[in-house]
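**Student:** Residue numbers (our numbering), protein chains in the order written: chain A, 335 to 665; chain B, 335 to 665.
Hints are not guaranteed to be accurate.
[Stated by the list, open to error] Some residues of chain A that are not near chain B, with every Cβ distance over 10 Å (derived):
#1 Asp420
#2 Gly488
#3 Gly498
#4 Gly499
#5 Glu506
#6 Met510
#7 Arg523
#8 Lys567
#9 Asn596
#10 Ala635
[Unchecked claim] If you anchor each label on the Cβ, the simulated ranges turn out as follows:
#11 A:Asn515 with B:Gly647: 31 to 37 Å
#12 B:Gly522 with A:Gly520: 51 to 57 Å
#13 A:Leu378 with B:Ala629: 30 to 36 Å
#14 B:Glu645 with A:Asn396: 41 to 47 Å
#15 B:Arg573 with A:Arg538: 30 to 36 Å
#16 B:Arg538 with A:Asp493: 35 to 41 Å
#17 A:Ala629 with B:Gly547: 46 to 52 Å
#18 B:Arg472 with A:Asn515: 54 to 60 Å
#19 A:Arg423 with B:Cys374: 35 to 41 Å
#20 A:Asp493 with B:Leu560: 56 to 62 Å
It is worth saying that the hints were derived from the structure and are not from the lab. Heads up, the beta-carbon is just placed ideally off N, CA and C, and yes, glycines get one too.
2 protein chains.
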Amino acid sequence: MLKMQVLEKEARPVLAVDIGGTKIITAIITADGQVLAEACQPTLAGEGVPAVIGRLFSAIDNLLQQNSLKTSHLRGISLAVAGPIDSKRGIVTVSPNMPDWHDVPLREMIRQRYEGETFLVNDASAAALGEHRFGAGRGINDLVLLTLGTGIGGGIIIDGRLYGGAGGAAGEIGHMVIDVNGPACGCGRRGCLEALASGTAVARETIKRLRQGEKSSLAAMVGGRLEDITAEKVGEAARQGDGLAQDVLSRAAKYLGVGMANLINIFNPQMIILGGGMANIGAPLLDPARQVALAQAFPIAAGAVSIVTAELGEAAGIYGAAAFAFGNDRR
Amino acid sequence: MLKMQVLEKEARPVLAVDIGGTKIITAIITADGQVLAEACQPTLAGEGVPAVIGRLFSAIDNLLQQNSLKTSHLRGISLAVAGPIDSKRGIVTVSPNMPDWHDVPLREMIRQRYEGETFLVNDASAAALGEHRFGAGRGINDLVLLTLGTGIGGGIIIDGRLYGGAGGAAGEIGHMVIDVNGPACGCGRRGCLEALASGTAVARETIKRLRQGEKSSLAAMVGGRLEDITAEKVGEAARQGDGLAQDVLSRAAKYLGVGMANLINIFNPQMIILGGGMANIGAPLLDPARQVALAQAFPIAAGAVSIVTAELGEAAGIYGAAAFAFGNDRR
């Protein structure tokens, strides 16, 4: 339990929430990045919007109660969610990991229930801000972050601030088409980076090739249940020398490298940060991706960029949501 | 001849230069965008770097002399050039329209000869800044400009300022790969937007299809000299109902639309400005491109963007070079 006075508004901590496809992380975070309390529960997104909203309310209620906090102790409540956000209206327009979410007025729902200031930000944008303030991107003015997970998200820091664009929906880098004749993407386009290099794409490609009869240690690794194959397992098999796994990853890495070269040519960033579960695969994915990116981009821009892995892990979202509430000013 | 006192430095005009593949435009421009004098001469880029530098010096000398100006009357000299610029060192690293330009220290050459403040900026970045301050993008905080010409250049305005990235090389949007298996690009990659939708790409594709035996009014239009076919002529033929010309343009338009959808998803811009000679083709190119872009991008971002044509024509570069010298602050 936290001992909390009613501080000046600017000095109060933020209740930060990261609503992911599999879990809801909640935390109390101070302006200097101290996590005073943290909790986690399953999202169970398949149960539908009202059920998830109910669990979200419970998660916030519990964290407040367990720490004897009231809304008046807080700077505000700040939510990170996947998908393009309408930040003017505080609406989650669509959310890739929660297929039945369409135009959910999440900010207003939270504001009405808790009667405090409420913030809503895209999860990958939050991760970029989190890494910029507290992680791999500290002191870096111009950076681009990619979250390599089930999907591929993006966040853009320009001149030390999160770049949101006209309506807060900027940064959908996973939905940059790099192969106009490529596989269909969940967003309706073809050949998006996400459709070629996400965890879902890697697993799908591996399963397809196994079903076509290619040999791999992966079949035994999942006891023949091919649908249990994940990008993480493909990474594990690749590290153990599995040829199919290595080939699938090196193809995904090539696409990732092409996408990063695009970003280097467009943004001339100081840094690209790679986060999300797939970044944990490490060398078999990231080394060839880095090589392709640096070989393809204009030398002047390739020479200026560091391509690094994220430091905050899955906490980047809550750190970033908190930072977003504390103010998107240059640090 | 201009009557010019030695004004306070901030109030003095800029001598702006746009060094293009075919011509060098020079102008004297005030902070509020008045063009006090202007001149133009051929670049004759084929004669090599020293010859072009010599003509550049003459062009500046003549403009100063004809208007009885000395460097001390000026805020500075500001140069716009195609290709990625190393803005820290003032070097033109490569320049697509002047193939023998490699690491030319243009800013220092001008500074040494004229002994005043000297600025160097990419031509499409200058065009973006010019359109932002004096053209189609006035009052728009977040915009992306594409110059559709021999190549495809880009310029990015964020929060009312030209975005240069780590070293001033940002904005190479023409070298965003959208078809990873596409045709080779001059930059060494495959399937860059420039390789698919530039004037060069349109002319090349048209000539190729004519040589393969397709019928078109274009062959007669150029008196059988297929190598004289330009994107502008393809546009003219398309407006007159030529089927081949219409098909080539609609394919280029599709690629342009895919590229713009990428930009809309990444930047969530308020505006995309299309400039350069190919933008003059108008409806046969721009209407289908706009349709593809708005249909493919996320609705929240597609709904926020206006896709418009540039207003300043080929003067955008000198206006932008001048604006760059006057200071890249928010207006």
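**Student:** Hint by hint, note whether the structure agrees.
**Tutor:** Hint check results:
no., hint, result
1, Asp420, "violated (5 Å)"
2, Gly488, "violated (7 Å)"
3, Gly498, "violated (7 Å)"
4, Gly499, "violated (3 Å)"
5, Glu506, "violated (4 Å)"
6, Met510, "violated (4 Å)"
7, Arg523, "violated (5 Å)"
8, Lys567, "holds (26 Å)"
9, Asn596, "violated (4 Å)"
10, Ala635, "violated (5 Å)"
11, A:Asn515 with B:Gly647: 31 to 37 Å, "holds (36 Å)"
12, B:Gly522 with A:Gly520: 51 to 57 Å, "violated (32 Å)"
13, A:Leu378 with B:Ala629: 30 to 36 Å, "holds (34 Å)"
14, B:Glu645 with A:Asn396: 41 to 47 Å, "violated (57 Å)"
15, B:Arg573 with A:Arg538: 30 to 36 Å, "violated (45 Å)"
16, B:Arg538 with A:Asp493: 35 to 41 Å, "holds (39 Å)"
17, A:Ala629 with B:Gly547: 46 to 52 Å, "violated (39 Å)"
18, B:Arg472 with A:Asn515: 54 to 60 Å, "violated (39 Å)"
19, A:Arg423 with B:Cys374: 35 to 41 Å, "violated (50 Å)"
20, A:Asp493 with B:Leu560: 56 to 62 Å, "violated (49 Å)"
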